[in-house]
Amino acid sequence: MSTLNYSKTRQAARWFDVRRRKAGMWAYALNRITGIGLVVYLYLHLGVLSMLIQGQSAWDAFVGLARSPFYLALDVILLAGILIHGLNGLRLAVTGFGFSAGAQKALFTILMISGGIILIAAALKIFQI
Amino acid sequence: MSANAFDQESKPTVAWLWQVVTGIGLVLLLGLHMVANHFIAKGGLRDYAAVVAYLRNPIILVLEVLFLVCVTTHALLGVRAIFLDFGLSDRVEQRLSGVLKWIGVLTIGYGLVVMWFVIR
Amino acid sequence: MLTVPVEIFRFKPGQAQRYDTFTVEIAETAHVIDVIDTVWAKHDPTLTFRRACHHSSCGSCAVRINGAEKLPCIVRLTDVWNGRNPIRIEPLRNFPVVSDLLVEVGDFFERMSAASMTITCEAEGFLPLTVDTFAVAGVLPKTVELPDNLSRFNRFEQCIECGICMSACPTMATDNKFIGPAGLAAIYQARHKTDDPTRVKHLLGLADGEHGVWRCHSAFECTEACPQAVDPASKIMALRRELALRRLRKMFGLRI
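Residue numbers (my numbering), protein chains in the order written: chain A, 1 to 129; chain B, 1 to 120; chain C, 1 to 256.
Hints in this document: simulated from the structure, not taken from any laboratory. Treat the hints with care, since some could be wrong.
[To be verified] Simulated DEER-style distance windows between Cβ atoms:
{"hint": "1", "chain 1": "C", "residue 1": "54", "chain 2": "A", "residue 2": "2", "range": "26 to 32 Å"}
{"hint": "2", "chain 1": "C", "residue 1": "106", "chain 2": "A", "residue 2": "36", "range": "32 to 38 Å"}
{"hint": "3", "chain 1": "A", "residue 1": "72", "chain 2": "B", "residue 2": "98", "range": "36 to 42 Å"}
{"hint": "4", "chain 1": "B", "residue 1": "31", "chain 2": "C", "residue 2": "83", "range": "20 to 26 Å"}
{"hint": "5", "chain 1": "A", "residue 1": "6", "chain 2": "C", "residue 2": "48", "range": "36 to 42 Å"}
{"hint": "6", "chain 1": "B", "residue 1": "98", "chain 2": "A", "residue 2": "110", "range": "30 to 36 Å"}
{"hint": "7", "chain 1": "A", "residue 1": "114", "chain 2": "C", "residue 2": "45", "range": "54 to 60 Å"}
{"hint": "8", "chain 1": "C", "residue 1": "74", "chain 2": "A", "residue 2": "6", "range": "44 to 50 Å"}
{"hint": "9", "chain 1": "B", "residue 1": "60", "chain 2": "A", "residue 2": "114", "range": "26 to 32 Å"}
{"hint": "10", "chain 1": "A", "residue 1": "48", "chain 2": "C", "residue 2": "196", "range": "35 to 41 Å"}
{"hint": "11", "chain 1": "B", "residue 1": "58", "chain 2": "A", "residue 2": "43", "range": "23 to 29 Å"}
[Claimed, not checked] Below are the DSS-like pairs computed for lysine-lysine, each with C-alpha atoms no more than 27 Å apart in a straight line:
{"hint": "12", "chain 1": "C", "residue 1": "250", "chain 2": "C", "residue 2": "193"}
{"hint": "13", "chain 1": "C", "residue 1": "201", "chain 2": "C", "residue 2": "177"}
{"hint": "14", "chain 1": "B", "residue 1": "101", "chain 2": "C", "residue 2": "201"}
{"hint": "15", "chain 1": "B", "residue 1": "11", "chain 2": "B", "residue 2": "101"}
{"hint": "16", "chain 1": "A", "residue 1": "8", "chain 2": "B", "residue 2": "101"}
{"hint": "17", "chain 1": "C", "residue 1": "193", "chain 2": "C", "residue 2": "177"}
{"hint": "18", "chain 1": "B", "residue 1": "11", "chain 2": "C", "residue 2": "12"}
{"hint": "19", "chain 1": "A", "residue 1": "8", "chain 2": "C", "residue 2": "201"}
{"hint": "20", "chain 1": "B", "residue 1": "11", "chain 2": "A", "residue 2": "125"}
{"hint": "21", "chain 1": "A", "residue 1": "125", "chain 2": "A", "residue 2": "22"}
{"hint": "22", "chain 1": "C", "residue 1": "177", "chain 2": "A", "residue 2": "22"}
{"hint": "23", "chain 1": "A", "residue 1": "8", "chain 2": "B", "residue 2": "42"}
{"hint": "24", "chain 1": "B", "residue 1": "11", "chain 2": "C", "residue 2": "42"}
Positions of the beta carbon are idealized from the N, C-alpha and C atoms, including for glycine.
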């Protein structure tokens with residue numbers, strides 16, 4: 001029987017399609033986006049740490065650069081990613097073992113609001129430096 | 001043997017459980033890593049001398065090594081989960097897991113080398 | 001009477017897929033299945049779709065209405081039409097499309113059969129006909145305390161095997177070996193209906209593994225979309241808990 005089947009790539013991209021979907025799907029997509037971003041950051045971070053091998057002058061020059069407002073703004077974005085991924089991860093761990101799965105939407109809202117508050121406090125601290 | 005392809009028990013997996021274990025570890029260890037290196041440290045980052053002093057504390061060193069292992073495992077398990085969504089064959093899935101394991105070993109090895117250079 | 005534009009997904013083997021727009025004259029009280037019926041009866045008899053009971057018991061008419069999985073037999077036209085844009089009707093996702101709105105459900109029923117989902121079910125018949133029964137049926141507000149033994153079967157027999165959860169599930173899109181929400185929910189049900197250790201071991205063995213409960217990405221779309229309040233997501237999570245606890249006990253050498 002000849003049927004209509006979609007390509008694997010198109011199907012694999014479904015996680016990104018949140019149209020007409022509810023909070024759980026948004027949380028899943030957000031978790032993936034931040035997760036991919038954090039993996040990229042992890043390897044960039046490890047790359048930057050190679051300056052520690054190059055010695056004091058290389059590292060201290062980088063430290064000077066990293067204290068510029070542009071880098072600090074990037075740090076706030078990074079922290080937003082960590083908070084979204086980490087707090088949502090806690091929700092996934094709790095609900096994933098069958099605890100309060102029925103409250104997953106409320107949990108998502110509460111954790112994201114908490115994350116927002118932590119982010120604002122941290123951003124204020126970062127730019128005070 | 002049943003003719004129903006879905007009535008077959010497949011090999012159990014612990015990937016998800018490890019993702020949760022390392023994830024919970026990360027909440028604690030990343031929290032510590034961020035606060036110690038970027039919020040307590042003067043100017044938001046340690047200069048070379050301060051990094052050396054920090055890592056020479058044996059408790060900190062153990063925690064940073066644990067952090068490196070957790071973050072690498074968690075990250076690569078996440079990458080694996082994304083790749084699995086491309087509907088790979090069992091053979092390709094196995095190969096992918098093998099490649100990611102090696103990337104993990106190399107990443108952790110690299111991190112340890114950096115730490116060794118700092119504390120030696 | 002309303003004049004309603006409706007945009008329907010079309011596909012015939014050997015032809016390219018497309019959307020056809022029809023303008024349907026229909027009563028304001030109509031349900032979406034009536035719109036599809038009218039298109040077939042008055043506009044295009046080649047339109048292929050599936051339907052039977054017209055009251056959300058058979059699960060055969062499931063489609064996507066404006067992108068969301070629904071049973072068109074219980075969705076009122078006025079609830080999905082904004083009075084302007086065409087209502088878009090498409091086949092379920094994650095199933096091969098045979099023709100127009102008709103999808104191939106063979107693999108889906110294989111999954112349900114593997115999970116011991118029987119067509120004839122007890123339908124909560126063990127409950128005495130008391131006020132609780134009406135509470136369960138949603139006739140009365142759920143202020144009445146349910147008996148302890150009911151919670152684990154909570155509305156479980158209600159699965160009408162419509163495939164809506166399989167269409168809504170983002171994981172289902174990516175892994176054609178994934179047992180899927182309906183199948184895993186059925187495994188949970190079957191597991192709690194038996195005390196036979198061999199049977200329990202087999203059912204948990206089906207759920208454990210790369211294509212079982214661990215593949216779920218916790219998007220909870222199955223529970224959101226289910227028209228029968230089966231709540232497959234919670235059942236998947238409950239299976240995970242049982243599997244994880246069994247593994248933990250085994251690790252410490254305790255009897256499972």
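Could you work out which earlier hints the structure fails to respect and list their numbers in ascending sequence? Structure breaks hints 4, 5, 6, 8, 10, 14, 18, 19, 20, 21, 23 and 24.
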